[in-house]
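*Asks:* Protein chains in written order, with our numbering: chain Y, 1 to 221; chain F, 1001 to 1202; chain D, 2001 to 2592.
Hints were generated in silico from the structure; no laboratory data involved. Fair warning: this is a prediction, and the values are worked out from it, not measured in the lab. One or more hints might be untrue.
[What the hints assert, rightly or not] If you want a taste of the chain F side facing chain D, the calculated C-beta under 8 angstroms gives, among others:
#	residue
1	Y1003
2	G1130
3	M1143
[Said to hold, decoys possible] Listed next, the stretches of chain F that the computed footprint assigns to chain D, with coverage defined by at least 3 CB atoms under 8 angstroms from CB atoms of chain D:
#	region
4	1027 to 1037
5	1042 to 1053
[What the hints assert, rightly or not] Over 12 angstroms on every C-beta distance to chain D, these chain Y residues come out as not near it, computed from the model:
#	residue
6	S40
7	K135
8	I137
Here a beta-carbon is modelled for each residue, glycine too, at the ideal position from N, C-alpha and C.
Take a look at the letters that make up each chain.
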Amino acid sequence: MDELRDLNTMPVPLELRDNVLVTTIDRFVSYIYNWGRKRSVWPMMFGLACCAIEMICAAASRFDIARFGSELMRPSPRQADLMIVSGTVTKKMVPQIVRLYNQMPEPKYVISMGACATGGGPFKEGYNVVSGIDKFIPVDVYVPGCPPRPEALLHGLLKLYEKIERQSVRTVPWYQRGESEAVPVPILGPDLIDPRRLPEIRARLAALRAKAAEAPSEGAS
Amino acid sequence: MVYGLGILKGLGVTLKHFLYSYIEDVRYLFQGGRYHPRHLLERQGPRARGVFTVQYPKEKLPLPENFRYIPFLVYDTQEEKIKCTACGICAKVCPPQCIWIVRGTDPNTGRPKPEPEAFYIDATICMSCGFCAEFCPFDAIKMDHEYELSSYERYESLLFDLPRLLKPDTYHAQIHPSDWAREQAEKEAEKAKKGEKAAVRS
Amino acid sequence: MSAPTKAKAAPLAELKGDLAILKERFGEAVQPAEYEGVVIANEVLVEAARFIRDELGYRYLSSLTAVDYLQEGYFEVVYHAYRLEGGGPLVFKARTPRDVATIPSMVSVWPGADFQEREAWDLMGIRFAGHPNLKRILLWEGFHGHPLRKDWREPYFEEEHKPFSSRWPSGHHIRAEDRAFWHDNVQYPLDWDPDQVEDTADELLYIGMGQFARADTGEPVEPKSLRTERLVVNMGPQHPSTHGVFRMVITLDGETIVRLEPVMGYLHRNHEKIGERNMYLQNMPYTDRLDYICSMSNNLGYALAVEKLLGIRPPERAEYLRVIMAEFTRIVNHLWAIGFLLNDLGAFFTPALYAIEERELILDLFEEASGSRMMCNYMRFGGVAHDVSDDWIARAKELVYNRLPRAIEELDRYLTHNELIKARCQGVGVLPPDLAVAYSTAGPVLRASGIPYDVRRAEPYSIYDRFDFDVAVRYNGDVYDRYLIRIDEMWQSLRILRQALDQIPKGEIQAGKKQYMIRVPPGQAYGRVENPKGELGFYVVSDGSPNPYRYHIRAPSFINLTALNEMCKGHKVADVVVILGSIDIVLGEVDR
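Based on the provided sequences and hints, a complete structural model is requested.
*Replies:* The structure is reproduced here in structure tokens:
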């Protein structure tokens, strides 16, 4: 833990270098703020596949995630700070995951646990598998492995601590003006549809259709 | 049957587990304390009682030699070359097909040479099955014990390329002692055989 | 790609015994099939099935699956029926041309065919005439295409079979996204209008569900006449007590369950499609991820199925190691199941913690032997991957003789006679024996209903015939008995383990040379094992190439869920959680 504390050096933006007092206050406040926050990251009780078993083991007596203040697995997204996407994300499940993510209050973090959640994993080639949850929701820490050992998950959590430590009260998105935008929920049509990609899908489909319309005439000539 | 007896029994079990932690503490008191490294195996073995927690990251469970996570390539420090001959068996046997190998070519002749020019393992696909290490005929690819690989980004840091994959054979010898001993013995036997043959020829 | 019958005329099955009786009874409508079993004409299929069930005594339909013979132009549905007294299967098949793709439904004979037929419709596109609720089960309503058809290609399609040629010798890394047309794992039909995007999957799912049906008869009623005292409650897919991403749509009358429909597929990972691309050996680590708590016994089931085709047997020591691993797995699974059953009952996490502690000790053994805690990937065709040391055996003995009996004893002591557990479990979720058989349930669920059916006894595999053990059986068929039977089975597993650990001989662990690309002679094999959750079967069709032509998994959790509605009807909504916990499902296996 000590070496982690040493890493707690916050980058000072250039334009703030002159304003030493503000910077110092900011650093001080952020330090307290982050110190309190990082030791009580409550994960959501939310398991997808094989990795969820290792996540449970991480919460059980041998690896004891309670030592890191994360033993309170909240079944409700409203009370959770951290979503551990533990396992293969399928197309059928991804709307629910995005919805859950949207329901989590800020500040929220996502750990993508295991190869499947990170990039599709061994099931990437499958027709019902999403190639990485980060295509839909922002991921903070990736934990590779199939499945990652509970220690590897804890290591991912420590990495998240480092990330939290580096955040500054002045720049974190949830204290900015305006509402943060929700991630559009994917739709299950003939295949998974990401609403953000609809224009692209439309264009590609039109191109495909034009090609298909051309093809028979080519055959005739 | 007295109502509530079952519940009391249950509470008794919890109490027993609770008390064991302190009994064990007393037992370890004059042996350097519970968390002394020499007690780790006992605390985690079949005779474990009381607190069962491993104080990760301060102490780590010893990994068995067979343990497999993500593969690495062995660099032969004696002959100063990569052991891999780019034969492609690992790429073929890999179930999720997460290994990519570019076989090197000799710049003079243009013929393929037994050395990888590039080697990729996609850690976001790898299923840690260990087939690559199991079926490699040259003992060139082995399963790593390093599991602390979390990163903030996946496109670059989790696509392992040749420089990232290469690790010296001393590291291999350290984490796989008996496997290493077997390799050395085979090497010796090969040498002896060659020597014999040479002796017969002369 | 060559289909089995094209390459060389496949040998027709000999009609002996019961098959001959069947032939005699139905005459021309029954024809011998390739390799094994008979083909029954569709017109008499249901009648013949009744005959097989009632007259011939094959009361238990173990597996129903479909094979797509693209070149021959037909689909084949394969049924494996067993006698409860034990013995081999009666294999019968039905065929339908690919463009017709309709086969009479078997639900009226074996209600357990329900989900399996829905799966065949979903993935293979075969209609089952007379099926009461033929909807997609693993994918969602509205999905384009039927993925397991041989002419259907997934978005990331690269090559028909592994190994892919792009990996070597000039394997420049390329992400599947960059290769695919849509830059993602999706594809859309040409006639689809992206401007009319509506999320209808859920609406389509609710059609025909409880809210429009009468409670007593189940007949659909007009929505107009509906007096809406009914409430439809969705549990899952994200729910802390569904053991994963499982969803139940529950129709409630007040707080009483009128109807429960399991909705699954939230973890459908396409094992079978990937399995047909893989080489035989490559499927081994994938089987780990089916029932991810019991990877060792999954390995064993698959190894047995392929060994049946290869006609080989592993050496003695390997057989013992397999049994040891499989029985340890059973203990691991039952500890886990009981721990989490208590979790579902509201005893939050403490019993589970004690159970997990014991599990960790067994996982240490697995890790030392195989290299991984959970995804063991330990069995090979004709052997096992690694040998174990004497120290390992000593530690295993220490566990089996000292630690585990104490742990199970303790579990038994503080749980079995606990009043709260009795009050919550006794008489809840009762499954009568005849229904348990009709619904093709397996494992602890079947045996808790008073049917002493255990594959280890009924059709002994590996070396189980050498060990002295009892088939645990309980007779009430409720949640409490399903809990007790797991305790009983752990004791029996310990018995087997003691014998196996004492008798294990020295010697080889692998028959023949280890090969990564095996050629399996053409044929069909159904290998089954008694997994901790029930009968796990692998139906493998080989066409002689290095890749299986068809690779089907008969998943016990999946089929056990067919009976969930029956168990839950009439109970309160709070009991659903407990009943589900007592079936002990694992979503990796349910959805595959």
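*Asks:* Given as covered by chain D, does the region 1027 to 1037 of chain F meet the bar of three residues or more with CB within less than 8 angstroms?
*Replies:* violated (count 0)
*Asks:* Do three or more residues of the region 1042 to 1053 of chain F come closer than 8 angstroms to chain D, measuring C-beta to C-beta?
*Replies:* holds (count 6)
*Asks:* Regarding the hint that Y1003 (chain F) lies at the interface with chain D, is the smallest CB-CB distance below 8 angstroms?
*Replies:* The hint holds - Y1003 (chain F) has a Cβ within 8 angstroms of chain D, the shortest such distance being about 6 angstroms.
*Asks:* The hint names M1143 (chain F) as touching chain D; please verify it with the least Cβ-Cβ distance against 8 angstroms.
*Replies:* Status holds, d = 7 angstroms.
*Asks:* Is it correct that the beta-carbon of S40 (chain Y) has no partner in chain D closer than or equal to 12 angstroms?
*Replies:* holds (19 angstroms)
*Asks:* Should the label of I137 (chain Y) as a non-interface residue stand, given a Cβ cut-off of 12 angstroms to chain D?
*Replies:* Its Cβ never comes within 12 angstroms of chain D, the nearest being 14 angstroms, so this holds.
*Asks:* A cut-off of 12 angstroms on Cβ-Cβ distance, and K135 (chain Y) was said to be off the interface with chain D. Does that hold?
*Replies:* violated (7 angstroms)
*Asks:* Quick check on the hint: G1130 (chain F) CB to chain D CB, less than 8 angstroms?
*Replies:* With a closest approach of 6 angstroms, the G1130 (chain F) hint holds.
In terms of the numbered hints stated before, the structure departs from hints 4, 7, listed from lowest to highest.
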